[in-house]
Amino acid sequence: MTKAVRERPRGAALARRVAGHVVRGLVMIWVVATISFVIIREIPGDPVQGMYESLLQKGMSPDQAERATAVLYGFLPTGSLWDQYVGYMGSLLHLDLGRSLSTPGVKVTSLIGSAAQWTVLPVLAGTLLSFLLGVTMGVYAAIKRSGKLGDLLALSGSLLHGIPVYVIGLLLVAIFTTLWPILPSGGPVDVAFVPGFNPGYIGSLIHHAVLPVVTYTLASYGGWILAMKSNVVAVLGDDFILAAELRGLKRGIVFRYLARNAILPLFTILALSIGMLFGGSIFIEEIFNYPGLGLLLVNSISTRDYALMGGTFLVITVGIVVANIVADLLYTAIDPRVRSGEAS
Amino acid sequence: MSRDSAAPEVRIRDLTVVYNTPAGELPAVSHVSLTLTPGTITGVVGESGSGKSTLALSLLNAVQPPGRIAEGSVEIDGLGDVLRLDGEDLRRTRGRKVGYVFQAAQNSLNPLKTIGKQLLDLGRSHDVEDLRALVADAKALLSRMGLDGARVLDSHQHELSGGMRQRVGIMLALVLNAQVVVLDEPTTALDMITQATILRIIREVHEERALTTLVITHDVGAVAEVADDLAVMYGGRVVEHGPIAEVLGAPRHPYTQGLIRAIPRLSGDISLARALPGRPPTLGTLPAAGCVFRERCEKRMEICETVEPATATYDGRSVACHAAGRPAPVKRREYA
Ligand SMILES: Nc1ncnc2c1ncn2[C@@H]1O[C@H](COP(=O)(O)OP(=O)(O)OP(=O)(O)O)[C@@H](O)[C@H]1O
Ligand code: SF4
Ligand SMILES: [Mg+2]
Numbered sequence: 001m002t003k004a005v006r007e008r009p010r011g012a013a014l015a016r017r018v019a020g021h022v023v024r025g026l027v028m029i030w031v032v033a034t035i036s037f038v039i040i041r042e043i044p045g046d047p048v049q050g051m052y053e054s055l056l057q058k059g060m061s062p063d064q065a066e067r068a069t070a071v072l073y074g075f076l077p078t079g080s081l082w083d084q085y086v087g088y089m090g091s092l093l094h095l096d097l098g099r100s101l102s103t104p105g106v107k108v109t110s111l112i113g114s115a116a117q118w119t120v121l122p123v124l125a126g127t128l129l130s131f132l133l134g135v136t137m138g139v140y141a142a143i144k145r146s147g148k149l150g151d152l153l154a155l156s157g158s159l160l161h162g163i164p165v166y167v168i169g170l171l172l173v174a175i176f177t178t179l180w181p182i183l184p185s186g187g188p189v190d191v192a193f194v195p196g197f198n199p200g201y202i203g204s205l206i207h208h209a210v211l212p213v214v215t216y217t218l219a220s221y222g223g224w225i226l227a228m229k230s231n232v233v234a235v236l237g238d239d240f241i242l243a244a245e246l247r248g249l250k251r252g253i254v255f256r257y258l259a260r261n262a263i264l265p266l267f268t269i270l271a272l273s274i275g276m277l278f279g280g281s282i283f284i285e286e287i288f289n290y291p292g293l294g295l296l297l298v299n300s301i302s303t304r305d306y307a308l309m310g311g312t313f314l315v316i317t318v319g320i321v322v323a324n325i326v327a328d329l330l331y332t333a334i335d336p337r338v339r340s341g342e343a344s
Numbered sequence: 001m002s003r004d005s006a007a008p009e010v011r012i013r014d015l016t017v018v019y020n021t022p023a024g025e026l027p028a029v030s031h032v033s034l035t036l037t038p039g040t041i042t043g044v045v046g047e048s049g050s051g052k053s054t055l056a057l058s059l060l061n062a063v064q065p066p067g068r069i070a071e072g073s074v075e076i077d078g079l080g081d082v083l084r085l086d087g088e089d090l091r092r093t094r095g096r097k098v099g100y101v102f103q104a105a106q107n108s109l110n111p112l113k114t115i116g117k118q119l120l121d122l123g124r125s126h127d128v129e130d131l132r133a134l135v136a137d138a139k140a141l142l143s144r145m146g147l148d149g150a151r152v153l154d155s156h157q158h159e160l161s162g163g164m165r166q167r168v169g170i171m172l173a174l175v176l177n178a179q180v181v182v183l184d185e186p187t188t189a190l191d192m193i194t195q196a197t198i199l200r201i202i203r204e205v206h207e208e209r210a211l212t213t214l215v216i217t218h219d220v221g222a223v224a225e226v227a228d229d230l231a232v233m234y235g236g237r238v239v240e241h242g243p244i245a246e247v248l249g250a251p252r253h254p255y256t257q258g259l260i261r262a263i264p265r266l267s268g269d270i271s272l273a274r275a276l277p278g279r280p281p282t283l284g285t286l287p288a289a290g291c292v293f294r295e296r297c298e299k300r301m302e303i304c305e306t307v308e309p310a311t312a313t314y315d316g317r318s319v320a321c322h323a324a325g326r327p328a329p330v331k332r333r334e335y336a
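Line order of the protein sequences matches chains Y and L. With full-length UniProt numbering, the residue at position 74 of the first sequence is 74, and numbering never jumps. With full-length UniProt numbering, the residue at position 88 of the second sequence is 88, and numbering never jumps.
One should not assume that every hint holds.
Mimicking PhoX-like on lysine-lysine, the simulated pairs with C-alpha atoms at most 25 Å apart in a straight line are [as the list claims (entries may be wrong)]:
#1 L:K299 / Y:K250
#2 L:K117 / Y:K250
#3 Y:K250 / Y:K144
#4 Y:K144 / Y:K107
If you're looking for bench data, these hints aren't it; they were derived computationally from the structure.
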């Protein structure tokens, strides 16, 4: 009875939180879209105008040239800046990001679609692995904090936390593909295998994913272990842990009280960490020649493929926004204080 | 519960607890000997820092680092010397044999779990077979203390007020039918009336179940209503201990006298109430030799500077003061 009565405000509070995130996320996406519009339209040597003019020079009629440019960039190159902006936003709403210049004629959305899996899966795998590893080691580092093992674990965390992600990537490449060549140095899969659900292909996929995933894992492991260690130390000092011991609760139960309370704040930085790895993919994928969004972005920049560049940027932004919402939902699911709408 | 199950006696002997400080290990409890008579409530009073909580934690062998029990024993009938227990034996004693209400009982709950689930954790930890009966007992205790048991069990800590949490803490200490119950300032977050009610309920439960109970408090007036015995602590020593009517009615130790004089409710007249001069000592300012109270004592003598007064018994009451055996001061009549 009482449960049902209290469930409703909880649901309402949850809906409010999610709505807040969605609104903030949409604003962020809008800002990034606007920035990419401005970049495409306003950088020196305006690529849209340049395209339009070169098509004219090739003998197209203004009408044809206009339409060809519109197809490429998703908006008409003529008319007032405002009209062009409205046109650009309109095509975004239809999930039309224009066509690529560097891979002529191919839709930006399909390029991004095929690249996304190579970034999203390794980033999520790296996040999960580093989270599990960092949290476990963080607990040990906290419990053994006055011993050598604890010192060593904390030191490993600080070190890895301080090393930029591309340095980790380069080191791993140097070690595992040159010094001790047991892993492939690049690409997503060995072309010798027939794509499909067969052991050879899957094995090769995994083999090629090891280095990127390990790099993502090491890049965020340091943050997790340090955060977890300090959370555990803080919770160990909380009165309710001593109270639980004074009530004679079983060690396993006290440990669960401790772990759950210490892990909880980590969910607030989960989204941050995923965002950081998405950003890191720009370096990692270049180093491992891995065909994800990061590499797509790098290539689009070097080939001045502005439509692709803007589109990729936008999709990475959407990824970060979604990660934020998911992390917050997870947090809400396990913190009763947030669930009932009173932030602690 | 069964009235026939005789309440256990608790014998604290020569207990010394030290805390490691920058100035070295300093005693927070020093050579305390105190017997809790079976079936009685003993009140412990003393200023902040006098070692009350440290003494209470020792009863569960739960002094926290940087503290350490340096010597002594705490014998509880049926359990032996608690200070020699460890591992599973110690864990099973805590909660099941000795119920404990933590000083900061408002913060004694896991913020992520409902009270009901924490109650079940408690039951499972102590192999309670009938968890339904446990929940029923918990609800009964809560409603006795003026709370809606079902609602409280379904709540998280943040949905309860400080006073409600404190009562939940008391419930959790009583619900397993421990025979010895230690309550460290169980009613601080409550208003005067609720405080009196809760202490009365503690007294009732204590009598129903034939417990041996220790209640620590700042408030001599509140404990006077429920306790049988009173122990007065100062600077890590029990300076006076005896039946509460006698200790309050005719205090022998100068500190007890000052303490009572400071309380209008007990001294009878606000104009006569006088604050105790000076400040309570801290671990660092406690004199190493002589009487710990001498700097604030009106009756101090030469011997007080160098020799720590031994505890002596005067008509059923133990007092640690060089002046206690001397003819009673004229002023004493005030309290008689
Ligand atoms: N963790 C600690 N480290 C160092 N000293 C401590 C520690 N805990 C307590 N002490 C010291 O031990 C002495 C006794 O503390 P204790 O908490 O037992 O006093 P108390 O009588 O319960 O006081 P209160 O009425 O404030 O609860 C105090 O001087 C205190 O400063
Ligand atoms: S021993 Fe001396 S200083 Fe201490 S309380 Fe007694 S008279 Fe006062
Ligand atoms: Mg205390």
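Results of checking the hints against the structure:
no.	hint	in the structure
1	L:K299 / Y:K250	52 Å, violated
2	L:K117 / Y:K250	14 Å, holds
3	Y:K250 / Y:K144	20 Å, holds
4	Y:K144 / Y:K107	55 Å, violated
Hint violations for this structure: numbers 1 and 4, all remaining hints satisfied.
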